[in-house]
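Here is how the chains run, residue by residue.
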Amino acid sequence: MWAMIVRRLSVSAISLVLLVTLVFFMIHATPGGPAYSILGSHASPQAVAVLNRQMGLDRPLPEQYLIWWEHLFEGRLGYSYIQHTAVSHLIGVYLERTLLLDLAALALAIAVALVVGLLQGYLADRIGGRIIGFLQIVFYAMPVFFTGILLIYGFSMRLDWLPPGGLGQGLASHARHLVLPVLTLALPIAAGFSRYFGHQAREEYRQDYVRTARARGLSEWRIATHHVLRNAVRPFITLVGMMIPALFVGGVLTESVFNYPGLGWLLWRSALDQDYPTLSAITLLIGVLTILGNLIADLLNSILDVRVRYE
Amino acid sequence: MSGAPLVAVEDLRVTARRAGRTYPIVEDVSFKIEAGGLLALVGESGCGKSLTAAALLGLLPWGLAVDGGQIRLEGQNVLELTPTQWRRLRGRKVGAVFQNPLAALNPSLPIWKQVVESAELTFRLDRAAARARALELLELVGVPQAAQRLDDYPHQFSGGMRQRVAIALALACDPRLLVADEPTTALDLITQAEILRLLNRLRLERGLAVLFITHDLSLVAEYADQVMVMYAGRVVEQAEARRFFAGPRHPYSRALLGAIPRLATPEVRLTDIEGLPPSPFEYPPGCRFAPRCPRVIEPCRRELPPPAGDQRQRAFCHRPFAQEPG
Amino acid sequence: MSEAAPRRWGFLPLLRWGEFGRRWRPEPLVAAGLAMFLALAAFAWLGPLFYTASPYAIHAHRLFLPPSLRHPLGTDDLGRSFLARMMYGGQPSLGVAIVGSVVAMLIGLGYGMTSGLSPPRLDKALMRLLDAILALPTLVLMIFFAAIVPLGPLSLILLLGLVSWPGLARIVRNEVLAYKERDYVLAARQYGAGTGYLARRHLLRAMFPIVVVNATFTVADLILTLAGLSFLGLGIQPPTPSWGGLLGNGSNLAITGSWWLILFPGVAILLAILSLNLVGQGLLNRLEGR
Chain B
331 MWAMIVRRLS
341 VSAISLVLLV
351 TLVFFMIHAT
361 PGGPAYSILG
371 SHASPQAVAV
381 LNRQMGLDRP
391 LPEQYLIWWE
401 HLFEGRLGYS
411 YIQHTAVSHL
421 IGVYLERTLL
431 LDLAALALAI
441 AVALVVGLLQ
451 GYLADRIGGR
461 IIGFLQIVFY
471 AMPVFFTGIL
481 LIYGFSMRLD
491 WLPPGGLGQG
501 LASHARHLVL
511 PVLTLALPIA
521 AGFSRYFGHQ
531 AREEYRQDYV
541 RTARARGLSE
551 WRIATHHVLR
561 NAVRPFITLV
571 GMMIPALFVG
581 GVLTESVFNY
591 PGLGWLLWRS
601 ALDQDYPTLS
611 AITLLIGVLT
621 ILGNLIADLL
631 NSILDVRVRY
641 E
Chain U
92 MSGAPLVAVE
102 DLRVTARRAG
112 RTYPIVEDVS
122 FKIEAGGLLA
132 LVGESGCGKS
142 LTAAALLGLL
152 PWGLAVDGGQ
162 IRLEGQNVLE
172 LTPTQWRRLR
182 GRKVGAVFQN
192 PLAALNPSLP
202 IWKQVVESAE
212 LTFRLDRAAA
222 RARALELLEL
232 VGVPQAAQRL
242 DDYPHQFSGG
252 MRQRVAIALA
262 LACDPRLLVA
272 DEPTTALDLI
282 TQAEILRLLN
292 RLRLERGLAV
302 LFITHDLSLV
312 AEYADQVMVM
322 YAGRVVEQAE
332 ARRFFAGPRH
342 PYSRALLGAI
352 PRLATPEVRL
362 TDIEGLPPSP
372 FEYPPGCRFA
382 PRCPRVIEPC
392 RRELPPPAGD
402 QRQRAFCHRP
412 FAQEPG
Chain Y
1475 MSEAAPRRWG
1485 FLPLLRWGEF
1495 GRRWRPEPLV
1505 AAGLAMFLAL
1515 AAFAWLGPLF
1525 YTASPYAIHA
1535 HRLFLPPSLR
1545 HPLGTDDLGR
1555 SFLARMMYGG
1565 QPSLGVAIVG
1575 SVVAMLIGLG
1585 YGMTSGLSPP
1595 RLDKALMRLL
1605 DAILALPTLV
1615 LMIFFAAIVP
1625 LGPLSLILLL
1635 GLVSWPGLAR
1645 IVRNEVLAYK
1655 ERDYVLAARQ
1665 YGAGTGYLAR
1675 RHLLRAMFPI
1685 VVVNATFTVA
1695 DLILTLAGLS
1705 FLGLGIQPPT
1715 PSWGGLLGNG
1725 SNLAITGSWW
1735 LILFPGVAIL
1745 LAILSLNLVG
1755 QGLLNRLEGR
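Chains as they are written, first to last, in the working numbering: chain B, 331 to 641; chain U, 92 to 417; chain Y, 1475 to 1764.
Treat the hints as calculated values from the structure; they're not laboratory data. A portion of the hints provided could be inaccurate.
As the list claims (entries may be wrong) - Taking lysine to aspartate or glutamate and the EDC-like style, the derived pairs with C-alpha atoms no more than 20 Å apart in a straight line are:
#1 U/Lys-204 <-> U/Glu-165
#2 U/Lys-204 <-> B/Asp-538
#3 U/Lys-184 <-> B/Glu-550
#4 U/Lys-204 <-> B/Glu-550
#5 U/Lys-184 <-> U/Glu-165
#6 U/Lys-204 <-> U/Asp-217
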């Protein structure tokens, strides 16, 4: 057990080192060096020289690499010359919004997937089950940016029911602004999750205990909620873990489509604006979140697995 | 309703729809079971005996449907009920036990919860009453030290014990009829005998009627009071148990019995039957056993055999064996 | 991630190449998906032979025309023929992804076989490194790279290949491990067959079905990633058309009500991904013997 945890932690540590190193070398590989990348390619040579001294960029590369780590540990993520503020100040607000969007989408996707999966398991090869199976494949292949635009076009432009994006003022407005992005982000995840879960539920519905339950006169609702769900939901944590990367990636694109100012949107804007301090900080942050998410899901999964084995 | 038998099935017909056509899978099945009676329904796998039971329970697999006949429980034709009404009868009037006790229990619920689940919902028991009822049921089916085992999970029980627990599940709401579909097939010989003794005790003590489905005639020879043999979706012989075991009149019944050395007499023993039962989608005209029958005569291949014999022993055969004095 | 997590590929080490060839019957999913994908490819590469309008020619007098007989898919904000742009846009959208997945395939095969044929300690270390790489967020790193180094088609191919090989590497390695235990491999070793010989003679053949299935899914993933990047303005750069870029442009122009600028590229991307998923799923079903 402990050996597994240590091994798993070491993997995350390697991921982290890879991530940080990759970002460091990419920043230093920019044409003209990091000073240009920070000040923009039209900066004057004097400004570049000043900045280089200020930031220790005139020192040898290995030393700079160590300084890079030091700054990371101190939480000094740099200063955005485009947003005119320290990057670390930006991150809190944006992170909060991203987590709100992602968790809402995750919750919705799980809820939808449980209902659809149970229904699919119950229907099995009947026509309804086949239709669900087909829709899952289609929605799973649906790129979030296409779904997003379609929803904006339909619900905002044509019907004018919901705002096309951005951020609302106040709770009600905020919620209204979240509807379309959450739907967009949840759709492919719900499709993937429900496919997996539906398969699981279907296996459970084939078990004898379902027939026994029916023979005792239990209602289909009771069988679904008290018997099938309980058994089919076992690989749940694994599923959530497998969805985390999709969630973050989908989140970046969704935020961009809806101009929803979260981390993903900030990443996109800073990439277009060539705002390298922000860009590298966000890349690191999302990277760390993804690595952490994977780690937590894996650990939970192994712990549950061990429990199942002891039972 | 007095006078009516507990269960009466008349001319039951089950059909499958396939590619727009309907195929009869089970035809002309009729039987009655009185309270405390034990009817043994016998046949090879695929002969329609499990489907007859499923039709009786209203649990036919998707794609199959009852297409004719009547199923009367205490005089009421259940085929006229709505699905919900029928569902309410299951558990309360009819219980069922199936072949594989390993899979019959939900692996992730403690057994006491499963045992009383239907009773809990039907009679709205509180937790204490439910536990008490669970204990009572487990003791009834002979689970030793039942009080200590209430919170155990199914995998902590042996196969035979699990089948006892499964019977307890079926009895939770005091049904009048128990459908036991090959309940002992997955068990070893000694456990088989124990389960049968349990079922026998239950019917003698509580007047429980039992429809016992098996492919093994030797199992039920001791306990059954009626025997019904099915082949390829039709009843081939139906008799009081004593008469039947004294001398079955249908060649197929004799062949089944011939597989049991203890019961076979030299002059009626048949060699192993060649071939396999036909698929429901290609039943032959005439007697369905004709292609495999050692006593086949010309009419067998053309006409459905008429019943031969009386109420106490009836074989559907063109050329039945003579009736033994029973 | 740890070995505990069940993966789409977990069962694949059990499969052999022979099953692929012997039990081949036209699988409806595979046939439908393949037909769909070939139709899209024909649209992109053969279409321009029949419909010769330029995808770059700007016509100020015919902006935002909806689809009609003269302009089958309408015209865009600069009056360019949208059908022509859709055709030419298909070439990088599909081509870069296909070549990128070939790159991924080569790296994955190399890494996986190296790891599988290495002594256990090195194999373990390589697998741990692989786990670490798998935990990195691909699209985020792609955005980061794209912002720093302007990407052309060639660098996109390389980059896409570089970020998408680890999945295959793990499968190949597991396959190699399963393979090493097989009787005839052990026998061949007794007769003095070397590692390199075994790899060439037996392993690559055994690997074939898995690599094909994986390649199908990888191409689908890369089409999606590339379309996403281009949609964000960080992939294939205008005026070169690509489906993702066209969709991005269309979404910026959604306010004009030009639905065709959104619908057609979106559907093209969807169909490309869908068709490959169908092929992959169909092959998987066949391999699983369902």
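Each hint tested on the structure:
1. U/Lys-204 <-> U/Glu-165: Distance ~30 Å between U/Lys-204 and U/Glu-165 Cα, so the pair is violated.
2. U/Lys-204 <-> B/Asp-538: Distance ~17 Å between U/Lys-204 and B/Asp-538 Cα, so the pair holds.
3. U/Lys-184 <-> B/Glu-550: With a Cα-Cα distance of about 19 Å, the restraint between U/Lys-184 and B/Glu-550 holds, given a limit of 20 Å.
4. U/Lys-204 <-> B/Glu-550: Given pair U/Lys-204, B/Glu-550 holds - Cα atoms ~18 Å apart, limit 20 Å.
5. U/Lys-184 <-> U/Glu-165: holds (9 Å)
6. U/Lys-204 <-> U/Asp-217: holds (12 Å)
Of the hints listed earlier, the one the structure fails to meet is number 1.
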